[in-house]
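Participant: Chains as they are written, first to last, in the numbering used here: chain R, 532 to 965; chain D, 125 to 604.
Keep in mind that a hint or two might mislead.
Claimed, not checked - Pairs of lysine to aspartate or glutamate residues, derived as EDC-like cross-links and limited to a Cα-Cα distance of at most 16 Å, are as follows:
(1) D:Lys321 to D:Glu351
(2) D:Lys548 to D:Glu490
(3) D:Lys504 to R:Asp870
(4) R:Lys900 to D:Asp551
(5) R:Lys851 to R:Glu882
(6) D:Lys548 to R:Asp870
(7) D:Lys548 to R:Asp898
(8) D:Lys548 to R:Glu893
Keep in mind the hints are simulated off the structure, nothing from the lab.
All values reported here derive from a predicted model rather than from experimental measurement.
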Amino acid sequence: MSAVSGFEQWLAPAEAAASGLQWLATRRGEARARVQGQGVPGTKQEAWRYTSLTRLLEQGFSAVAESVPLQPEAIEHLLIPGLEAWRVVLVNGRFAPELSALAGLPAGVRIGSLAEILRTDPDAVKDRLNTIAGPDQPLFSALNTAGLDDGLVVLMDAGTALARPVELIHLSVGSETPRVAQPRHLVVLAAGTQAHLIERYVTLTYALYCTNSVLEVTLGAGAVLEHQRIQLESPDAFHLAALYVRLGAASRYRCTNIAVGASWARTDLTVRFSGEHAACDLQGLYLVGERQLLDVHLDVDHCVPRCVSREYFKGILYGKGRAVFDGCVHVARDAQQTDAAMTNRNLILCEGAEVDTKPQLEIEADDVKCSHGTTVGQLDPEQLFYLRSRGIGAALARRMLCLGFAGEILDALTPEALRMQVTQEVGRRLEQAT
Amino acid sequence: MTVSSAVEAIVTSEYEHGFVTEIASDTLPPGLDEGVVRAISARKGEPEFMLDYRLRAFRHWQTMTAPRWAQVHYPPIDFQAISYFSAPKSKDGPKSLDEIDPALLETYTKLGIPIEEQMALSGIAVDAVFDSVSVATTFRTQLAAAGVIFCAISEAVHDHPDLIKQYLGSVVPHTDNFYAALNAAVFSDGTFVYVPKGVRCPMELSTYFRINARNTGQFERTLIIAEAGSYVSYLEGCTAPMRDENQLHAAVVELIAMDDAEIKYSTVQNWYPGDAKGRGGIYNFVTKRGDCRGARSKISWTQVETGSAITWKYPSCLLRGDDSVGEFYSVAVTKGRQQADTGTKMIHLGRNTSSTIVSKGIAAGEGEQTYRGLVRIATKAAGARNHTQCDSLLIGARCAAHTVPYIEVKNPTAQTEHEATTSKISDDQLFYCRSRGLTAEDAVSMIVNGFCKEVFKQLPMEFAVEAQKLLSISLEGAVG
Chain R
532 MSAVSGFEQW
542 LAPAEAAASG
552 LQWLATRRGE
562 ARARVQGQGV
572 PGTKQEAWRY
582 TSLTRLLEQG
592 FSAVAESVPL
602 QPEAIEHLLI
612 PGLEAWRVVL
622 VNGRFAPELS
632 ALAGLPAGVR
642 IGSLAEILRT
652 DPDAVKDRLN
662 TIAGPDQPLF
672 SALNTAGLDD
682 GLVVLMDAGT
692 ALARPVELIH
702 LSVGSETPRV
712 AQPRHLVVLA
722 AGTQAHLIER
732 YVTLTYALYC
742 TNSVLEVTLG
752 AGAVLEHQRI
762 QLESPDAFHL
772 AALYVRLGAA
782 SRYRCTNIAV
792 GASWARTDLT
802 VRFSGEHAAC
812 DLQGLYLVGE
822 RQLLDVHLDV
832 DHCVPRCVSR
842 EYFKGILYGK
852 GRAVFDGCVH
862 VARDAQQTDA
872 AMTNRNLILC
882 EGAEVDTKPQ
892 LEIEADDVKC
902 SHGTTVGQLD
912 PEQLFYLRSR
922 GIGAALARRM
932 LCLGFAGEIL
942 DALTPEALRM
952 QVTQEVGRRL
962 EQAT
Chain D
125 MTVSSAVEAI
135 VTSEYEHGFV
145 TEIASDTLPP
155 GLDEGVVRAI
165 SARKGEPEFM
175 LDYRLRAFRH
185 WQTMTAPRWA
195 QVHYPPIDFQ
205 AISYFSAPKS
215 KDGPKSLDEI
225 DPALLETYTK
235 LGIPIEEQMA
245 LSGIAVDAVF
255 DSVSVATTFR
265 TQLAAAGVIF
275 CAISEAVHDH
285 PDLIKQYLGS
295 VVPHTDNFYA
305 ALNAAVFSDG
315 TFVYVPKGVR
325 CPMELSTYFR
335 INARNTGQFE
345 RTLIIAEAGS
355 YVSYLEGCTA
365 PMRDENQLHA
375 AVVELIAMDD
385 AEIKYSTVQN
395 WYPGDAKGRG
405 GIYNFVTKRG
415 DCRGARSKIS
425 WTQVETGSAI
435 TWKYPSCLLR
445 GDDSVGEFYS
455 VAVTKGRQQA
465 DTGTKMIHLG
475 RNTSSTIVSK
485 GIAAGEGEQT
495 YRGLVRIATK
505 AAGARNHTQC
515 DSLLIGARCA
525 AHTVPYIEVK
535 NPTAQTEHEA
545 TTSKISDDQL
555 FYCRSRGLTA
565 EDAVSMIVNG
575 FCKEVFKQLP
585 MEFAVEAQKL
595 LSISLEGAVG
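With these hints in hand, go ahead and build the complete structure from the sequences.
Facilitator: Here is the structure:
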């Protein structure tokens, strides 16, 4: 089956939204051709070995057509108390200026909607948009590009810094027919800049919908980006995320990826080093409950010497759920003095859950320090006994140990208010589990 | 000698055991069709059921395509250009060493495995395979007294057809994979071992394989059955003469362990790896699988792989019996243009099953090496345990080491651990040894031997010595 027959409905509005920009039309068209050129990936394909697309295809998602007007009060309960941030809110993939807070940005910094920039100043993003993801995009990134329309843009000139975090809230509002939103984000940090990006995927209603987001990040020499991605979609939702990160010389990138929501979710994180002495730190937590499937794919490409990468992902499985972790660290020929360490730890709490993990190393240089480690296990009965013997109930004791396990990742979240909120959400879900 | 010139020296060191023994052999013309399968079966005078088995496998093979997923690169193999049968000329089969072709005996002597000496001194029974037909089987009477059957599989087909019917293809069915299907259709010969209930095999069993005769594929079939409460240790060692054409070697090994039985299978493989430019060399595409059918059974694989242009093998364990144990210990060396994609599969099906994987890879020169392993804990495998460790040592800037482990866990009481590291010999370690008066060669040799020690100590004594020697020879130059 050609992929396009299964996803025709995802693409429809791309035609309608065709702008007058020739280069943009070309990029969309190429992506469309790419979608048409490939079949729907099956479990015979290595990248989809453990994750079947059948459930996703059965839903018959179609692209979001109508916009949903919302009053600021409607999203008040979703905001993080006390968090001062430059805020961009997207509703079903479309920029909602009335909900966003962007007043008083410092000079040399642009934060806003991609659609708006494409309308007013397309040259500002022309060289970057879709170039980081590259021409060989897998199916869902190509689908996103083919329907490329709106999303978050952060552009920082050399030497600028942001005192507050940038917060992206992607809000899904359910509708009668299941919809797919395909937000497209672009973050370009020039040399010597510093920023903190918080990405949150949330919902107003418990509904069936799909989000297929693509984020492209490029860091100039010495730039620093702290990136936190919190996926708290509706329990019925489908969520696809592709992140493409390119790191310049001596840049620093830290990504904390928390995946808790959605019934079916897949994250592809692709990091490529393009300058020496850069470092990236990718960490994540996935919490998998009843009938959930969460899939994390990492692809870290050390193509230049003397870079450092750390990958640390933890998972807790508590229902008849399934987690997939597939991480690959590639060290190219001549990328000497690479230092890479990948770890994946899983905790299975009950019968019926499944973990499939595949941490890979591909090393073509000799002067490297690379390692990976994986564990799958249960709560330590001795630790449980210790807590029980001090008068703590079985359920609470289990929850405390799980939160301790998750805490290693959750503690990286800043500011404190965000960490508290996410930790509470994780604790609430664990309550159902224990 | 400096380390870099030392590395240069390994890359250029030539294969030691390169020579071809001139003896007349009875070879079928190249090509493969049903006629060839029938001819092989007819020449071996096989009963009807074996011919049926071969033809079923051949017909299935025709529907399959050669797999390409392994991380190895080679031109497509023309299966019609290979001759599928080659047997050393013999009259009625030798009855003692005196009847064996002296040229053959000399070959063994050149390889440093004098048969008489082994018979007399080490007490190892040797079933020497020269090309495809077993020509020397020793100590059979002694084994027969214990009730152990140790013979060529072609003999077993005649003498023990019930066992063959029951077990052949029961672990690796002819539908398993492309090369297993090919092997089932055209296998020439191999070893058959049957250890009856409660018997501890009185000696280490050993077969030396040797590939000879130009342009001949080698398709061995090994079947080892250990009945309840028995024990057997089997050694397999290989070396081949230097030659130009690529030789395909697609063997199948099946092990079956019943309740409380233990099988220890050790391999030292040193086939011709090809020349410095990667020409020639053996393609070693092997399917090895052990089936722990009984409760508390144990299967242990140990391998030292230093030869072959391409090695592609995954000795696996199916842990079906409760409390059964699977082990895999491996040292793989790739240098020059050698490529190895090797590892194991541990399939945990029974309760409280446990498995251990220790894989040590050494890549030097332009060698390329992949560890590919699967650990699967099925839903019913409560209390299953796995520990995996795979380390790679890199010598030289043009080599590559990959690690591709798959871990699939479906039971909440299972515990699995996997660790892997990749590094080069550290300058600090070298400096430490050099400052204590060791030559660069001895220092590297010592470090590499230490790196592989965990695996070597699993080998039977005689083999461990041979393996260490082989490793030093393989890395000669790098080690000074």
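Participant: Does each hint fit the structure? Answer for all of them.
Facilitator: Verification of the hints:
no.	hint	result
1	D:Lys321 to D:Glu351	holds, 5 Å
2	D:Lys548 to D:Glu490	holds, 14 Å
3	D:Lys504 to R:Asp870	violated, 39 Å
4	R:Lys900 to D:Asp551	holds, 13 Å
5	R:Lys851 to R:Glu882	holds, 7 Å
6	D:Lys548 to R:Asp870	holds, 12 Å
7	D:Lys548 to R:Asp898	holds, 6 Å
8	D:Lys548 to R:Glu893	holds, 15 Å
Hint violations for this structure: number 3 only, all remaining hints satisfied.
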